[in-house]
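Undergrad: I would like the entire structure built from these sequences, with the hints used as guidance.
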Amino acid sequence: MTTAPAAAAEHAAGDSYLTHGKGIASWLFSLDHKRIGIMYLALIVFSLFLGGVFAMVVRFHLWDPSGGLVSNDAYNKMFTLHGAVMIFLFVIPGIPSALGNFVVPLMVGAKDVAFPRVNLLSFWLFVAGAVLFIATLVVGGLDTGWTLYPPYSLESSRGLGILLALTGVFLAGFSSILTGVNFIATIHKMRAPGQGWFDLPLFLWALYATGIIQIFATPVLGITVALGFLERVFHLGIFMPEYGGDPVLFQHFFWFYSHPAVYIMILPAMGIVSEVVAVFSRKPIFGYKFIAMSSIAIALIGFFVWGHHMFVSGQSKWANIIFSFLTLLVAIPSAIKTFNWLATLYKGHIILKTPMLFVLSFFAIFGVGGLTGLFLGTLATDIPLHDTYFVVAHFHFVMVGAVMIAFLAGLFYWWPKMTGRMYDERLGTASAILIFLGFNVTFIPQFLAGTMGMPRRYATYAEQFVGLNRVSTVGAVLLAAGLGVALWAFVASLRHGARAPANPWGAATLEWATSSPPPHDNFAVAPRGVPPYDYTGLTHASDEAGWIPVRPEGAR
Amino acid sequence: MSHLAQTGTAGAPEDRFLAHHFPDMTAQSQTSKLGIWLFLGSEVLFFSGLFVAYGVYRANHYALFHYAHHFLDWRMGALNTVVLVGSSLSAAWSVRCAQLGDRRGLRITLLLTLLLAGMFLVVKYFEYSHKLHNGIAWGAACHPSEEILSTLPASVRALPVPKDLGTFFSIYYLMTGLHGIHVLVGMGLYVWLIRRATRGDFGPGYFVPVDSVALYWHLVDMIWIFLFPLLYLI
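Residue numbers (our numbering), protein chains in the order written: chain D, 1229 to 1784; chain A, -9 to 224.
Among the clues, some could well be false.
Pairs of lysine-lysine, DSS-like flavour, derived with a Cα cap of 30 Å [to be verified]:
#1 A:K114 / D:K1517
#2 A:K153 / A:K121
#3 D:K1517 / D:K1575
#4 D:K1581 / D:K1517
#5 A:K153 / A:K114
#6 D:K1417 / A:K114
#7 D:K1511 / D:K1575
#8 A:K23 / D:K1339
#9 D:K1339 / D:K1511
The set of hints was computed from the structure by calculation and includes no laboratory data.
TA: Now the structure itself:
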């Protein structure tokens, strides 16, 4: 770490990964993890937009109890595609594939991920999966809900849409597996000299835990959708009762993946929070090893809780009790993380830049989202709450309120590194505040409606819920406006943002030791591992120069 | 095994296979090895769905599964087990040949693995066509012919044909079919290895592809070792 920053700064004047090759093909077939990350980012932001449009249709349809905007049939397709696009094309790949691809090799001081060709293959599998999802729209949509439960989803009267969706999930799943393989191999084998396991930034521990789930849970989803496809085409008698199959087996297989998938979504989000909270509190992260190990614990416990989605499926009462107990265990590592983050804030020198505002929102929202999860994991309270808006509000608190907000925190945090441009702090602040308000106004009424018994997924609802639904729709508009401001901040930054220094935030992790944007090979001089949360060696030079090492060159 | 990879030194001929983002061949081969093991772990979970489905349906339809296994010819299954275990031996041998720099031995063992894999599929082809010819298909389409019923042991022939016999054969075709696809992929990989071996790519300093494909091949072999008794013998 002696000469790297200076050499990197020299390098910044010349070549960066953005200028390293010209033409569209130099992007589409790039093996550079940074370019692949940026391409993922573009697709994922588009998916967020698309899923958001479907969400707005749903919210405006529910303005009136009788549902005025679209036909009931079209409503069913809208909420299905909202869920499927958001989950498979935004929340699951969002942080690992877009931000992770960009940051992981930089954080270990490597030139690339372990298997760059596999990384490109993974990207194209994801593109193919996304295209098939969009194609379901063309062939008439899908109205099964994102869970694709048979027997309804595999009825023989059903058209091409379900086959396209199943194939899309299969391809996106393999993309996810390959990303997981790449990250775990990179973190194991490509760490900088002197970078031990406990010198890893916590974002990497989070992605390591995520990788475990991606590698060992996603193939089960793969075989499940493959079986669904074959069942629909050849009537094998696997999932469809009319041919001798068992639809509950589908539910077991589906949730064996899809519950751990919830941790594929939240663990990387927690990783971003761990980075941002330490940097913007100017304090080493509190309880490093506990945060690292609780990521692994969540990943492992997450494999044994899937049955809590099936409390009313008719599975045995003993299975219900055991799954309920195991589910509550997840609260322990989650709480360990939360308390450690809050302890990091304590007596810190808190800097309220945009990433930190998003992270503070995360604490408030994840707290509520996590605690309401206990109501649903507890058998006795889940039975009346099952399939109500309480469930909808709970998982939106975790997936939107926690994951999407952490994704935005990470995007604002790494934006200067990715683009070499600063964003306008006022726009960033405005978006963070609008999104926090809009989110809560949208989803708190849904908790209330749920506890009063409003069922989810229906195109119409009882008159008594009209007030809560209208507040929720107003909130959704606020939320969309907040996202619009965030987009504005990014576009304005690209057009006329100030040049970003190598280290604008004073972070100690290695990605900030190279220029912004980094050169094609990431580092002008291969860095050595450093303590990731030790800020004593950095001082703020100026807004233009950012943070620089205190010690003069060569004096370690 | 991998200690032999460390003999590759700077300037060695193998270095043309060193990717730009690794410091040396050792780091590269160890990383590839880890990657392939992770992928194989994923493969095990991919098959696990089918094994669980087998377990669930066997528990739910015990008599049916016991009845149905008589339609499968254990001699064919046993022959294929011997063929596949033999191919695993030659696959392991090919890794050793590459490590020792025995290029002729490498080509012979790779070719032998490919031939045995092909032989496995030929036997499988005869099994499938015999069954389909006699009306033993999957799901509701399973209607065994009198001809194949007459080949069953007398005690089994006395029983009525269960109406959902196809449930067993759906599982049978799914499991052996997915395994067969893996055998086909393996054959493609061995064709690729033979081309590269003929070109002289592999030696003591660089044999990761031979090693990785052999690991994959052993997994394919091991899955069959479970499929054979579960489907043919019990």
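Undergrad: Please work out if D:K1517 and D:K1575 have their alpha carbons no farther apart than 30 Å.
TA: holds (20 Å)
Undergrad: Would you mind confirming whether the straight-line C-alpha gap from D:K1339 to D:K1511 stays at or under 30 Å?
TA: holds (29 Å)
Undergrad: Keeping to a limit of 30 Å between CA atoms, is the pair of A:K114 and D:K1517 held or broken?
TA: Between A:K114 and D:K1517 the Cα gap is close to 53 Å, so the pair fails against 30 Å, i.e. violated.
Undergrad: Does D:K1517 sit within 30 Å of D:K1581, going by the straight-line distance between their CA atoms?
TA: holds (27 Å)
Undergrad: Would you check the hint for A:K153 and A:K121, treating anything up to 30 Å between C-alpha atoms as holding?
TA: Distance ~17 Å between A:K153 and A:K121 Cα, so the pair holds.
Undergrad: Is the straight-line distance between the alpha-carbon of A:K153 and that of A:K114 30 Å or less?
TA: holds (26 Å)
Undergrad: Checking one constraint from the list: CA of D:K1417 to CA of A:K114, max 30 Å. Satisfied?
TA: This hinted pair is violated, its Cα atoms lying about 41 Å apart.
Undergrad: What's the verdict on D:K1511 and D:K1575, does the C-alpha distance respect the 30 Å limit or exceed it?
TA: Status holds; Cα separation ~9 Å.
Undergrad: Would the hint linking A:K23 and D:K1339 be met if the CA-CA limit is 30 Å?
TA: Since the Cα atoms of A:K23 and D:K1339 sit roughly 19 Å apart, the hinted pair holds (cutoff 30 Å).
Hint check: violations occur at hints 1 and 6; the rest are consistent with the structure.
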